[in-house]
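Trainee: Sequence:
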Amino acid sequence: MAPLLKLAVVFACFAIAAAESPYRFYTWNVTYGTIYPLGPPQQGILINGQFPGPDIYSVTNDNIIVNVFNSLDEPFLIHWSGVQNRRNSYEDGVLGTTCPIPPGQNFTYILQMKDQIGSFFYFPSLAFHKAAGGFGGIKILSRPLIPVPFDPPADDYTVLIGDWYKSNHTALKAVLDKGHKLPFPDGILINGRGPNVTSFTVQQGKTYRLRLCNVGLQNSLNFRIQGHKMKVVEVEGTHTLQVSYSSLDIHLGQCMSVLVTADQQPQDYYIVVSSRFTSQVLTTTGFLRYANSNRPASGPLPGGPTTQIDWSLNQARSIRTNLTASGPRPNPQGSYHYGMINTSRTIRLASSAGQVNGKQKYAINSVSFVPADTPLKLADFFQISGVYHVGSIPDAPNGRGIYLDTSVMQVDYRTFIELFLKTMKILRRAITSTATPSGMDGGQWTSASRNQYNLRDAVSRSTVQSWTAIYIALDNVGMWQLRSEFWARQYLGQQFYLRVYTTSTSLRDEYPIPKNALLCGRAKGRHTRPF
Numbered sequence: 001m002a003p004l005l006k007l008a009v010v011f012a013c014f015a016i017a018a019a020e021s022p023y024r025f026y027t028w029n030v031t032y033g034t035i036y037p038l039g040p041p042q043q044g045i046l047i048n049g050q051f052p053g054p055d056i057y058s059v060t061n062d063n064i065i066v067n068v069f070n071s072l073d074e075p076f077l078i079h080w081s082g083v084q085n086r087r088n089s090y091e092d093g094v095l096g097t098t099c100p101i102p103p104g105q106n107f108t109y110i111l112q113m114k115d116q117i118g119s120f121f122y123f124p125s126l127a128f129h130k131a132a133g134g135f136g137g138i139k140i141l142s143r144p145l146i147p148v149p150f151d152p153p154a155d156d157y158t159v160l161i162g163d164w165y166k167s168n169h170t171a172l173k174a175v176l177d178k179g180h181k182l183p184f185p186d187g188i189l190i191n192g193r194g195p196n197v198t199s200f201t202v203q204q205g206k207t208y209r210l211r212l213c214n215v216g217l218q219n220s221l222n223f224r225i226q227g228h229k230m231k232v233v234e235v236e237g238t239h240t241l242q243v244s245y246s247s248l249d250i251h252l253g254q255c256m257s258v259l260v261t262a263d264q265q266p267q268d269y270y271i272v273v274s275s276r277f278t279s280q281v282l283t284t285t286g287f288l289r290y291a292n293s294n295r296p297a298s299g300p301l302p303g304g305p306t307t308q309i310d311w312s313l314n315q316a317r318s319i320r321t322n323l324t325a326s327g328p329r330p331n332p333q334g335s336y337h338y339g340m341i342n343t344s345r346t347i348r349l350a351s352s353a354g355q356v357n358g359k360q361k362y363a364i365n366s367v368s369f370v371p372a373d374t375p376l377k378l379a380d381f382f383q384i385s386g387v388y389h390v391g392s393i394p395d396a397p398n399g400r401g402i403y404l405d406t407s408v409m410q411v412d413y414r415t416f417i418e419l420f421l422k423t424m425k426i427l428r429r430a431i432t433s434t435a436t437p438s439g440m441d442g443g444q445w446t447s448a449s450r451n452q453y454n455l456r457d458a459v460s461r462s463t464v465q466s467w468t469a470i471y472i473a474l475d476n477v478g479m480w481q482l483r484s485e486f487w488a489r490q491y492l493g494q495q496f497y498l499r500v501y502t503t504s505t506s507l508r509d510e511y512p513i514p515k516n517a518l519l520c521g522r523a524k525g526r527h528t529r530p531f
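Residue numbers (UniProt numbering): 1 to 531.
FYI, nobody ran anything at the bench for these hints, they're computed from the structure. Warning: the hint list may mix true and false statements.
Claimed, not checked - Pair ranges (Cβ atoms, derived):
no.: 1; residue 1: 74; residue 2: 348; range: 31 to 41 Å
no.: 2; residue 1: 526; residue 2: 410; range: 15 to 25 Å
no.: 3; residue 1: 245; residue 2: 151; range: 12 to 22 Å
no.: 4; residue 1: 306; residue 2: 149; range: 29 to 39 Å
no.: 5; residue 1: 149; residue 2: 299; range: 30 to 40 Å
What the hints assert, rightly or not - With a Cα cut of at most 30 Å, we get these calculated DSSO-like pairs of lysine-lysine:
no.: 6; residue 1: 173; residue 2: 359
no.: 7; residue 1: 231; residue 2: 139
no.: 8; residue 1: 139; residue 2: 524
no.: 9; residue 1: 229; residue 2: 206
no.: 10; residue 1: 359; residue 2: 181
Each residue gets a CB set at the ideal place from its N, CA and C atoms; glycine is no exception.
The whole structure should be built from the sequences, with the hints applied where relevant.
Mentor: In structure tokens, the structure reads:
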């Protein structure tokens with residue numbers, strides 16, 4: 001399968017909150033610990049001694065205060081995947097916007113779940129730490145007065161699935177640093193555990209919400225439950241038309257909510273997760289256990305899809321926005337008529353791979369990203385020249401061989417653009433909640449393909465497949481990372497930053513730098529203005 005591109009633009013906001021918005025406080029201690037997910041002991045990253053880390057529970061507009069103590073022996077950063085906090089990219093938790101937390105020190109992230117609901121997750125973004133853990137789920141519920149298009153479930157489970165290596169993250173990082181590719185993963189985990197360990201208990205006749213997130217490194221996964229249908233009700237913050245599926249492809253970085261009704265005879269049923277688009281199929285199992293039953297799961301494991309790209313594309317296209325569902329705000333938001341707005345710019349992105357100075361590299365539009373010595377957002381704020389230059393990545397493939405640069409593309413605030421991905425199979429949503437994959441197909445894109453775009457109810461989502469056209473309203477000022485969600489590829493350069501720019505200094509457009517912001521590189525020793 002071709003490279004996955006994750007346009008990870010997560011909006012961390014130093015919240016200027018209305019008085020009625022509650023605060024939720026978390027204190028996390030990040031440590032190393034011994035874990036045994038696939039049998040052999042290995043070094044994992046724990047949060048408060050847990051692997052995976054604790055869930056963040058929130059309601060729309062809540063202010064989330066997370067005080068993170070870094071007890072590792074190296075710098076650490078947490079990225080909030082999919083959380084669209086507005087008007088501040090300083091606390092995004094990626095190296096282009098945020099200084100890492102030094103060993104032995106702490107940093108307080110201040111986020112607001114502004115006008116948002118849904119299922120997301122957090123994870124470490126530096127030094128290949130994601131291969132060691134440090135991830136967990138994020139649940140954002142609607143406010144009590146906002147109707148939800150389904151009845152309250154009997155319970156609400158986070159289900160984190162992902163491929164996994166038996167090797168420590170330090171060994172995997174060393175492989176990449178030497179210029180090599182990673183080997184095939186060793187297994188698949190469900191909530192940090194290997195085969196036949198994870199289970200979820202249900203009562204017959206009741207309905208449960210499963211928040212499924214693919215937190216892995218390399219592979220799309222298929223999820224299914226023996227004898228049970230799954231009704232998709234939400235994809236990364238959008239209520240969807242409620243369609244039932246026997247199995248679901250969940251791509252790297254993607255989350256979705258499904259409702260499962262315990263409508264079978266009381267016993268245990270297999271939960272199966274298997275890799276997709278791989279010549280060697282990895283499979284793991286868990287259990288859906290009916291309460292007060294001692295009957296073990298039996299029979300063959302439920303099979304996954306037997307076809308590849310076409311099946312997955314058709315499923316992706318079948319998931320659509322529920323236009324009659326209420327939004328996260330009390331005032332009606334109406335439909336976003338993205339098909340009726342003229343685009344001001346078309347940006348075409350293509351992936352490539354090759355050797356640079358004898359080492360494996362990956363690129364977007366021929367540019368393989370090189371991290372700067374100072375976060376790009378801090379360089380903007382302090383007006384430090386020479387950290388990067390705008391236009392270091394072209395708007396379209398140029399046919400050049402791969403070269404190294406700190407790639408930044410500038411776009412204008414409040415414009416509406418078409419983003420077209422060629423030979424990129426999966427895309428992480430970027431910029432705003434209105435980044436809408438309107439067209440996708442398995443063949444070649446032509447200008448006539450625009451006639452087939454879904455301009456009514458396409459879901460704003462984190463992952464798409466094959467060639468993809470996306471309409472984006474650039475309504476959030478900041479420096480936002482766009483990256484491959486194949487984690488080794490982003491580490492080896494398949495990423496860049498989109499600078500959404502305005503000359504305005506109004507707080508309505510962008511909050512100033514937080515007064516607790518960490519300063520590093522050429523920004524070290526400078527002073528932030530009072531907030």
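Trainee: State for each hint whether it applies.
Mentor: Here is what the structure says about each hint:
1. Range check, residue 74 to residue 348: Cβ separation about 37 Å, and the 31 to 41 Å hint holds.
2. For residue 526 paired with residue 410, a C-beta distance near 24 Å keeps the hint of 15 to 25 Å intact.
3. Hint check: residue 245 to residue 151, Cβ distance near 20 Å, so the stated range 12 to 22 Å holds.
4. The hint said 29 to 39 Å for the Cβ distance between residue 306 and residue 149, and at roughly 32 Å that hint holds.
5. Checked against the hint of 30 to 40 Å, the C-beta distance between residue 149 and residue 299 comes to roughly 34 Å, which is consistent with it.
6. A distance of roughly 14 Å separates the Cα atoms of residue 173 and residue 359; the hinted pair therefore holds under the 30 Å criterion.
7. Taking the CA atoms of residue 231 and residue 139, the gap is about 18 Å. The hint holds against a cut of 30 Å.
8. With a CA separation close to 35 Å, the supplied pair residue 139 and residue 524 exceeds the 30 Å bound.
9. Pair hint residue 229 plus residue 206 holds up; C-alpha atoms about 14 Å apart against a cutoff of 30 Å.
10. Of the supplied pair hints, the one linking residue 359 and residue 181 holds, its CA atoms being roughly 10 Å apart against a limit of 30 Å.
Comparing the model with each earlier hint shows a violation of hint 8 alone; every other hint is respected.
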